[in-house]
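J.: Listed below are the residues making up each chain.
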Amino acid sequence: MSPQTIPLASLAHARAGDKGDTSIIMIAPYQAEDFTQLREVLSPEALAVHFGTDVSTVSVNWAPNLIAGSIVLRGVLTGGVTRSHTVDPHGKTLSAHLLAMQLAWQ
Amino acid sequence: MTTENTYRIGAGSGFAGDRYEPAEILAKHAALDALVFECLAERTIALAHHDAQSGKSEGYDRRILRRLRGTLPHTLPRNAVTLTNAGAANPSAGARAVKALATELGHADTTIAAVSNDDVLQRLDLKNSRILGTDESLADLGDRLISANAYLGIAGILDALDAGAGVVVTGRVGDASLFLAPIAHHFGWDRTNLDLMAEGTLVGHLLECSGQLTGGYFADGNAKKVPGLSTLGFPYADVETSGAATLGKVAGTGGLLDRRTTLEQLLYEIDDPACYLTPDVALDLSNVSITETGPDTVRVSGARPTGVPETLKVSIGVRDGYLAVAEISYAGPGSLQRAQMAFDIVAERWRDLYGHPADELQCDFIGHNSARPWWNPSQDPAEVRTRISLRTFDHRKALTLGEEVESLYTNGPAGGGGAAVNIKETIGIVSTLIPREAVTPKVEIF
Numbered sequence: 001m002s003p004q005t006i007p008l009a010s011l012a013h014a015r016a017g018d019k020g021d022t023s024i025i026m027i028a029p030y031q032a033e034d035f036t037q038l039r040e041v042l043s044p045e046a047l048a049v050h051f052g053t054d055v056s057t058v059s060v061n062w063a064p065n066l067i068a069g070s071i072v073l074r075g076v077l078t079g080g081v082t083r084s085h086t087v088d089p090h091g092k093t094l095s096a097h098l099l100a101m102q103l104a105w106q
Numbered sequence: 001m002t003t004e005n006t007y008r009i010g011a012g013s014g015f016a017g018d019r020y021e022p023a024e025i026l027a028k029h030a031a032l033d034a035l036v037f038e039c040l041a042e043r044t045i046a047l048a049h050h051d052a053q054s055g056k057s058e059g060y061d062r063r064i065l066r067r068l069r070g071t072l073p074h075t076l077p078r079n080a081v082t083l084t085n086a087g088a089a090n091p092s093a094g095a096r097a098v099k100a101l102a103t104e105l106g107h108a109d110t111t112i113a114a115v116s117n118d119d120v121l122q123r124l125d126l127k128n129s130r131i132l133g134t135d136e137s138l139a140d141l142g143d144r145l146i147s148a149n150a151y152l153g154i155a156g157i158l159d160a161l162d163a164g165a166g167v168v169v170t171g172r173v174g175d176a177s178l179f180l181a182p183i184a185h186h187f188g189w190d191r192t193n194l195d196l197m198a199e200g201t202l203v204g205h206l207l208e209c210s211g212q213l214t215g216g217y218f219a220d221g222n223a224k225k226v227p228g229l230s231t232l233g234f235p236y237a238d239v240e241t242s243g244a245a246t247l248g249k250v251a252g253t254g255g256l257l258d259r260r261t262t263l264e265q266l267l268y269e270i271d272d273p274a275c276y277l278t279p280d281v282a283l284d285l286s287n288v289s290i291t292e293t294g295p296d297t298v299r300v301s302g303a304r305p306t307g308v309p310e311t312l313k314v315s316i317g318v319r320d321g322y323l324a325v326a327e328i329s330y331a332g333p334g335s336l337q338r339a340q341m342a343f344d345i346v347a348e349r350w351r352d353l354y355g356h357p358a359d360e361l362q363c364d365f366i367g368h369n370s371a372r373p374w375w376n377p378s379q380d381p382a383e384v385r386t387r388i389s390l391r392t393f394d395h396r397k398a399l400t401l402g403e404e405v406e407s408l409y410t411n412g413p414a415g416g417g418g419a420a421v422n423i424k425e426t427i428g429i430v431s432t433l434i435p436r437e438a439v440t441p442k443v444e445i446f
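First to last, the protein sequences are chains A and B. Per the working numbering, the first sequence starts with residue 1, numbered consecutively. Per the working numbering, the second sequence starts with residue 1, numbered consecutively.
In short, the hints are calculated from the structure, not lab data. Don't take every hint at face value.
Stated by the list, open to error - Estimated spans, in silico, between C-beta atoms of each pair:
| id | chain 1 | residue 1 | chain 2 | residue 2 | range |
| --- | --- | --- | --- | --- | --- |
| 1 | A | Gln102 | B | Asp162 | 24 to 32 Å |
| 2 | A | Thr57 | B | Asn79 | 47 to 55 Å |
| 3 | B | Gly334 | A | Glu45 | 35 to 43 Å |
| 4 | B | Gly355 | A | Thr78 | 22 to 30 Å |
| 5 | B | Asn287 | A | Ser56 | 53 to 61 Å |
| 6 | A | Gly52 | B | Ala223 | 53 to 61 Å |
| 7 | A | Thr78 | B | Asn5 | 18 to 26 Å |
| 8 | A | Gln102 | B | Glu425 | 18 to 26 Å |
As the list claims (entries may be wrong) - In silico contact screen, one side only, chain A against chain B (beta carbon under 7 Å); selected entries:
| id | residue |
| --- | --- |
| 9 | Ser2 |
| 10 | Pro3 |
| 11 | Ile24 |
| 12 | Ala28 |
| 13 | Ala68 |
| 14 | Val72 |
| 15 | Arg74 |
| 16 | Val76 |
| 17 | Arg83 |
| 18 | Ser84 |
| 19 | His85 |
| 20 | Asp88 |
| 21 | His90 |
| 22 | His97 |
| 23 | Met101 |
| 24 | Gln102 |
For clarity, every value in this text was computed on a predicted model and none was experimentally measured. Don't be surprised by glycine CBs; every beta carbon is placed ideally from N, CA and C.
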């Protein structure tokens with residue numbers, strides 16, 4: 001079957017939090033059977049492009065027994081909640097930005 | 001339902017600005033054994049120090065008195081304990097105020113305890129304390145340093161509970177420690193039994209943000225529907241002697257508690273699910289089991305210890321000057337273009353008229369991409385609010401930014417409206433580490 005392009009929001013749910021200047025976004029598929037493919041498409045490289053950041057600052061820590069993972073984006077909060085100029089110093093809105101990712105899905 | 005073998009602990013607030021009535025509903029209807037108010041975000045304590053130093057407050061969060069006025073009449077008669085970190089920069093003053101409140105409510109005999117000594121500012125070796133994530137030392141911060149508070153574990157709270165405290169008021173402690181302490185005290189858990197410390201910490205971690213476990217910060221209105229967010233019920237846990245716990249909320253309150261809400265909170269702000277550090281125990285959350293056992297009822301267990309951290313995290317408050325934010329709105333066709341013109345005019349005057357570097361001004365377009373500046377939406381937005389911000393130690397500069405944006409009314413692009421300025425003094429937070437043995441909690445009884 002050829003891949004179709006679909007938004008991550010149709011497959012998974014997410015919650016964003018912060019620690020200093022690092023954004024931490026929890027991600028989990030709605031259906032357990034999507035977990036394996038989700039791990040492949042949510043590569044640090046693809047996430048770095050989507051968040052406009054360098055791949056060296058992105059890591060994903062998967063927890064297979066939870067069928068979920070933590071996406072870690074270092075240095076994306078322009079200094080963090082106490083330093084940032086921006087409208088969303090905590091990066092709370094970044095979970096929705098993550099879910100706007102368009103995926104090539106089999 | 002609590003049984004003889006379970007201990008019911010509720011979450012009364014998840015941050016200093018949380019709603020008031022959910023805790024009262026818990027206290028009144030949930031037959032609690034303990035109620036915890038988490039009120040201290042990373043920078044709240046530095047703000048409290050700052051306010052206390054400038055004479056604006058006594059250094060604790062006075063909102064705790066309004067919270068307790070609603071709950072103590074229900075918790076004290078059933079000997080349920082209350083724990084809160086609302087003591088912030090001055091737990092003793094907080095505890096004295098709670099003592100006065102309890103007396104006013106007819107419970108003058110209630111023991112109130114303050115747990116302090118988290119303030120390590122005088123004990124830190126500034127030159128040799130490295131700021132985490134940098135090559136700088138605390139000494140480099142000079143007179144900008146406001147406060148330094150170590151995250152304490154459960155030891156001081158256990159002593160307070162041993163002394164018969166009905167209310168324990170702390171400063172900085174690990175958020176989960178506020179929950180672990182009464183659970184461990186009730187069951188007589190030994191602090192060296194790390195399996196139990198890990199399970200109790202899991203309960204605290206899940207409860208510490210209150211409504212975020214029961215459907216808050218979750219709903220999207222589509223795939224994730226949550227009923228009754230206007231009457232969101234806060235969670236409680238029925239903890240068993242093994243440390244396993246069943247999570248619930250009061251029947252009839254709004255919200256949702258299921259596997260998904262629990263999973264989202266389990267990994268909330270956890271960068272590595274296999275390594276979550278707290279003052280009491282380092283734990284692995286990656287094998288926790290989450291089982292729905294009924295409507296709005298979830299059973300959790302399976303946090304595993306990986307050790308005890310040798311150092312404690314210290315949160316440092318730093319004077320960070322002023323943040324000035326000035327905004328003006330544009331609507332209709334070409335609004336983004338006019339919003340950009342507005343910024344360009346201010347930046348040009350900033351450089352040419354005042355001789356300031358224009359790149360110190362940050363510009364965001366609200367309604368276009370302000371929450372994700374790297375993103376370039378293609379469509380023309382229906383309306384845009386130009387938001388220009390500046391960090392500075394010079395208050396006059398902050399005022400000038402406001403004046404410049406306001407004067408765009410008559411000197412800037414067409415149709416600019418709703419100019420507004422906000423200038424606030426800001427406090428930054430950095431972290432360092434301190435050896436665990438350098439910090440001994442102090443307990444005062446009132």
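J.: Which earlier hints turn out false for this structure, listed by number in ascending order?
T.: 1, 5, 6, 7, 8, 9, 10, 15, 16, 18, 21, 23 and 24
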